[in-house]
Each structure stands twice: as C-alpha cells, then as structure tokens.
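Number of protein chains: 2
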Amino acid sequence: MAQVYERVALIGLGLIAGSMAHAMRRDGLAGEITGYARSEETRKVAAEIGLVDRVCDSAAEAVKGADLVVLCVPVGAMGGVAAEIAPHLDKGATVSDVGSVKRAVIEAVGPHIPDGVHFIPAHPLAGTEKSGPRSGFAELFDNRWCLIVPVDGSDRAAIDRLESLWQGMGARTDEMEADHHDLVLAVTSHAPHLIAYTMVGVADDLGRVTDTEVVNYSAAGFRDFTRIAASDPTMWRDVFLNNKDATLEILGRFTEELFALQRAIRTGDGDHLFDYFTRTRAIRRGIIEAGQDTDAPDFGRVKS
Amino acid sequence: MAQVYERVALIGLGLIAGSMAHAMRRDGLAGEITGYARSEETRKVAAEIGLVDRVCDSAAEAVKGADLVVLCVPVGAMGGVAAEIAPHLDKGATVSDVGSVKRAVIEAVGPHIPDGVHFIPAHPLAGTEKSGPRSGFAELFDNRWCLIVPVDGSDRAAIDRLESLWQGMGARTDEMEADHHDLVLAVTSHAPHLIAYTMVGVADDLGRVTDTEVVNYSAAGFRDFTRIAASDPTMWRDVFLNNKDATLEILGRFTEELFALQRAIRTGDGDHLFDYFTRTRAIRRGIIEAGQDTDAPDFGRVKS
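Heads up: the protein sequence lines correspond to chains A and B, in order. The first sequence lines up with residues 1 to 304 when you count with full-length UniProt numbering. The second sequence lines up with residues 1 to 304 when you count with full-length UniProt numbering.
Some clues are possibly wrong.
Copies of the same chain look alike in the list, so a pair counts if it works inside one copy or between any two.
[Stated by the list, open to error] Here are the simulated DMTMM-like pairs of lysine to aspartate or glutamate, each with C-alpha atoms no more than 20 Å apart in a straight line: (1) 244 <-> 155; (2) 244 <-> 177; (3) 130 <-> 289; (4) 244 <-> 256; (5) 244 <-> 179; (6) 244 <-> 275.
These are computed hints drawn from the structure, not numbers from a lab.
Take these sequences, add in the hints, and give me the full structure.
Structural data, given as structure tokens:
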C-alpha cells in the first residue's frame with residue numbers, strides 16, 4: 001500500500017493506538033507517526049520500544065503538522081483532549097477517534113473542532129483483554145470491521161482517505177449513523193461486557209463457593225467470561241457512562257428474556273429450553289461463515 | 001501408563017466419550033473399549049472412524065464383561081440407560097458417568113445399580129462447543145479437573161482405580177460431595193451458559209439491529225458468548241432441568257448484582273463501576289496462574 005497520510009498523531013498509546021502504529025508501519029501507510037500519552041510511564045515505555053517515530057511531551061506538540069490526528073483515549077477523556085489540541089491543528093487536517101461510543105464523542109469533541117479541520121469519528125471493532133503500550137500488534141484489525149460515523153458536513157474525500165487508511169491496516173469499513181452505532185454496539189459489545197463483569201463479580205463474591213474452586217473449575221464455561229471481564233476498567237467505565245440509554249435498553253431486554261428462561265427452568269419446560277438453545281446455534285454459524293471467529297473448538301485455544 | 005481396566009464400555013459416543021476413547025488409547029489405559037449410542041447414525045460414524053474397538057448394537061451387549069462402564073449420555077437419559085444395563089453388569093464392575101449434574105444422576109442411576117457393582121459418579125470439567133462422534137480428541141482432559149463424587153458406601157479401591165484412569169487421561173482429580181458439586185458448577189458453568197444463551201437469543205431477536213449487523217460486528221465481545229451458546233441443546237436442557245435449584249439461586253444473585261450495576265450506570269456512579277471492573281481482573285489472573293486458561297490475547301485465537 002502507498003502512504004495515505006504524511007504525519008499521523010496518536011493521542012493515547014494503549015492497545016488500539018499501539019496496534020495502529022504497528023499496522024501503519026507494516027504497510028507504510030504513514031510518513032511519520034507521533035504519539036502522546038498522559039502517563040509519563042506510558043510515554044517512557046513507548047519511547048523505549050520505539051512504538052512510534054516520535055513520542056512528544058504534550059498533545060499539542062504531537063498534533064503539530066499532522067494531517068491525521070487520532071484520539072485513542074477513553075471516551076470520557078476525549079472532550080478534554082480535543083480542547084487541548086484544537087488551537088494547534090493544521091488547516092485541512094482530519095481528526096478522528098477510536099472510541100466505542102459515538103454520539104457522546106461527537107458531542108464532546110465536535111464543538112472544539114476548528115473551521116477547516118475535518119472531524120470523522122470512527123470505531124474499529126477489535127480489541128483484546130490486554131491494555132497498555134506493549135499490548136498492540138499489527139494484525140489486530142485484519143478482517144475486522146471499522147465503523148466510520150460521519151457527522152453533518154463531513155467531507156467525502158476526507159472520509160474516503162480515512163477509510164483507505166483503515167483498509168490499509170487490514171480492516172473492512174462501513175459507514176453508520178451515530179445513534180444506530182451506539183445501539184448495535186450495545187448489543188454486540190457493551191451489554192455482553194457488563195454481563196460478563198457481573199457474572200465474574202458474583203462468582204468472586206459467593207461465600208459458599210471459594211475463589212479457588214471458581215478458579216480451578218473454570219474450564220466448564222466460566223473462564224470465557226473472565227477474559228472479557230479482564231478488560232480495561234477505565235475504558236469500560238466510560239463506555240457505560242456514555243452509552244447509558246442503549247446499554248440499559250438492551251440490558252432490559254436481556255433481563256426480560258432471562259426471566260422467561262428461568263421460568264422455563266422452574267416449571268420444567270424442556271421444549272422451550274431446547275428450542276431456544278437450538279436457535280442460538282445458528283448465530284454462531286453465521287459468525288464463523290462471516291469470518292469473524294475461528295471454527296476451531298474452544299477458539300483453538302493455545303494450550304496453557 | 002499401565003492398563004487400568006481390561007474392558008471399558010462407553011455408553012453414548014459424543015464429545016466426551018470420544019475424547020475418553022482417544023485419551024485411553026493414547027496411553028494404553030484400557031484393554032478393550034466397547035461403545036454404544038442410541039442413534040444408528042452415530043454408531044455408523046463411530047464404526048467408520050474406528051472410535052472404539054467394537055461398536056455394539058445395544059447397551060446391554062456393550063457392557064457385558066466390562067470392568068468399567070461410563071455413561072456418557074445427557075443427564076436426562078442416565079436413569080433409562082442404567083435400568084437397561086443393570087441386569088448385564090458383571091459383579092465387581094464399576095459404573096461411572098460424566099454428567100454435568102451429580103445429585104440428579106445419583107438419584108436416577110443409583111437405585112438401578114445391583115449389589116456387588118460399584119457406582120462412582122464423576123464429572124470431567126472439560127468440553128468444547130462441538131458435539132457428536134467426530135468431535136473428540138485425546139488432549140481434551142489434559143490439565144483439566146475431573147471431580148469424583150463418591151456416594152455412600154463407595155469402595156475406596158474402586159474410587160482410586162477410577163481416579164487413576166482419569167489421571168492417565170491427563171486430568172487432575174478431586175473429590176466432592178454431590179450438592180456442593182452442583183452449586184460449584186452452577187457458578188462456573190451452568191449460570192454462565194444460560195446467560196450466554198440468553199444474550200445471543202436477545203441479539204437474534206432485536207428488530208432494530210439486523211442479524212447481519214450482529215454477525216459482522218461480533219468481534220467486539222459478543223462472539224465469545226456465541227461459542228458457549230453453540231453447545232449441545234439436549235445436554236444443556238437436561239443440565240438446567242436437573243440442577244434447577246442451584247442454577248436458579250446463582251441466577252438470582254446474578255440478577256441482583258446486574259440491577260446494582262445498571263443502577264450505577266443510570267445514576268452515573270463511575271467509581272462503583274471502576275472498582276467492580278478492577279476486582280474482576282484479579283479472578284482472571286488467578287485462572288491463568290492456575291493453568292486453567294491461556295494468557296495469550298483473545299485466547300490466542302486461531303486466525304479466521
């Protein structure tokens with residue numbers, strides 16, 4: 001792939017920014033990559049491992065001369081960072097982000113974007129339970145989707161250019177309206193994460209079953225939940241606080257359905273359970289056929 | 001390892017029985033392995049791939065002369081199979097099972113066991129989302145736990161022999177009382193499965209989000225749930241119907257906790273969320289340190 005941007009500034013240097021840096025370098029998509037993180041420790045590690053070409057001491061310095069700035073900080077921190085960098089943005093530059101929530105980011109960041117700067121929110125649907133500057137890897141986005149969420153007046157050429165970058169990093173792109181994005185993600189990500197966190201918390205908190213029992217006997221299903229529930233706490237706190245309505249709506253539907261299944265258990269309605277469990281198998285097949293997960297048993301788990 | 005049993009009869013030829021056959025052969029633990037499955041198709045496939053040494057046309061025939069009989073059928077079918085084989089069991093033989101629920105299996109199977117035959121329930125905590133005679137593999141039990149649930153009057157030597165077999169197949173063994181087993185498994189397996197089934201069912205059923213959207217954008221967390229929710233419907237129907245009380249108790253605790261977190265989201269209590277999400281990370285670390293899951297990001301998922 002040819003170079004898409006001359007200078008890309010990554011604000012925040014965690015899993016996503018780190019993976020972007022690796023992926024951009026793999027394919028020569030950026031002339032120079034600058035980076036900034038609020039934590040001195042993170043900046044130190046990033047410099048040490050050469051995560052980006054230049055680690056800067058401020059967000060303002062990092063964005064100077066950049067034709068693409070990507071905000072890779074927790075959703076709750078986006079507005080503050082936008083205010084900080086706004087005066088230092090080049091005319092014609094694009095500001096994007098990788099936040100898991102889009103309406104709240106648009107409301108927090110949008111007002112700070114100066115005239116002549118493009119603002120194109122985005123969300124790569126990829127991640128792992130790891131976080132920090134050492135957690136990124138070039139393949140994270142391969143064959144995953146990146147949703148582009150243009151705002152009113154987003155420039156078509158600037159959108160296409162950003163999509164080229166994501167495609168260059170291995171992703172497939174699609175465009176979506178902000179509120180719909182937040183609802184879809186409440187289903188495919190936010191509600192499942194809250195549910196996993198809850199189940200793991202309950203297991204940890206039961207007096208009658210020890211933590212050792214939970215840990216040793218987790219291979220029967222529970223351990224899958226613990227992976228999700230090991231995700232970054234700050235990021236997820238911000239997701240829930242900023243996608244409140246959609247998450248609560250989906251959790252409401254979930255609870256309703258869970259009650260119906262509990263009732264089927266209580267009344268011994270085996271047919272209801274069997275039919276429900278048969279239907280859910282089909283969704284799994286769809287995901288495998290769409291190339292969004294492996295068909296290897298147990299995810300082809302690396303032997304521990 | 002030396003041979004532990006002269007003739008092992010596997011009743012039911014799905015994932016667990018198949019994996020036992022592979023594991024026993026790997027280590028020469030059984031002189032002969034016979035097998036029977038109710039479905040003619042399953043018996044045909046088993047014979048075709050040489051899953052066991054001899055596929056029999058009835059459970060009665062399979063258990064003749066066996067010094068170990070392992071019931072590998074759904075929990076709801078255990079009682080019927082026990083009644084069928086009882087008259088054909090050799091004196092001194094051991095009958096065991098691999099059911100995910102123990103109290104109900106003891107109640108269903110126990111009364112059929114003739115004098116002079118040992119009954120030693122067991123439960124290997126291992127599995128994948130795959131089922132059927134082709135799904136087994138020798139490594140399934142390696143480093144996983146097999147819980148032995150002796151009943152009143154279980155013979156110590158017979159218990160030790162069964163534990164040797166499981167250890168020979170790669171498992172670690174522990175002994176547990178039936179009701180406690182059912183509670184522990186409600187936490188580490190049954191409740192998580194029902195929750196995963198529920199979430200996948202909800203996603204499938206939402207008018208405002210299409211199935212294609214759910215499938216394509218599942219990499220953000222949801223796809224982990226779909227693996228669990230692709231497990232065998234008959235097996236899981238029987239699990240819930242036969243571990244009703246413990247499952248409903250844990251689901252009750254889960255719902256209570258979920259409501260508390262929903263309330264924290266609604267009221268914007270970020271500290272509560274952050275603390276909760278930080279605590280759940282520790283459980284994941286415990287599971288990895290105990291060798292019950294891989295530390296590779298995303299389970300070291302095989303690339304799709």
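Results for each hint:
no.	hint	verdict
1	244 <-> 155	neither (30 Å within a copy, 58 Å between copies)
2	244 <-> 177	within (17 Å within a copy, 43 Å between copies)
3	130 <-> 289	between (27 Å within a copy, 16 Å between copies)
4	244 <-> 256	both (18 Å within a copy, 19 Å between copies)
5	244 <-> 179	within (12 Å within a copy, 40 Å between copies)
6	244 <-> 275	between (32 Å within a copy, 18 Å between copies)
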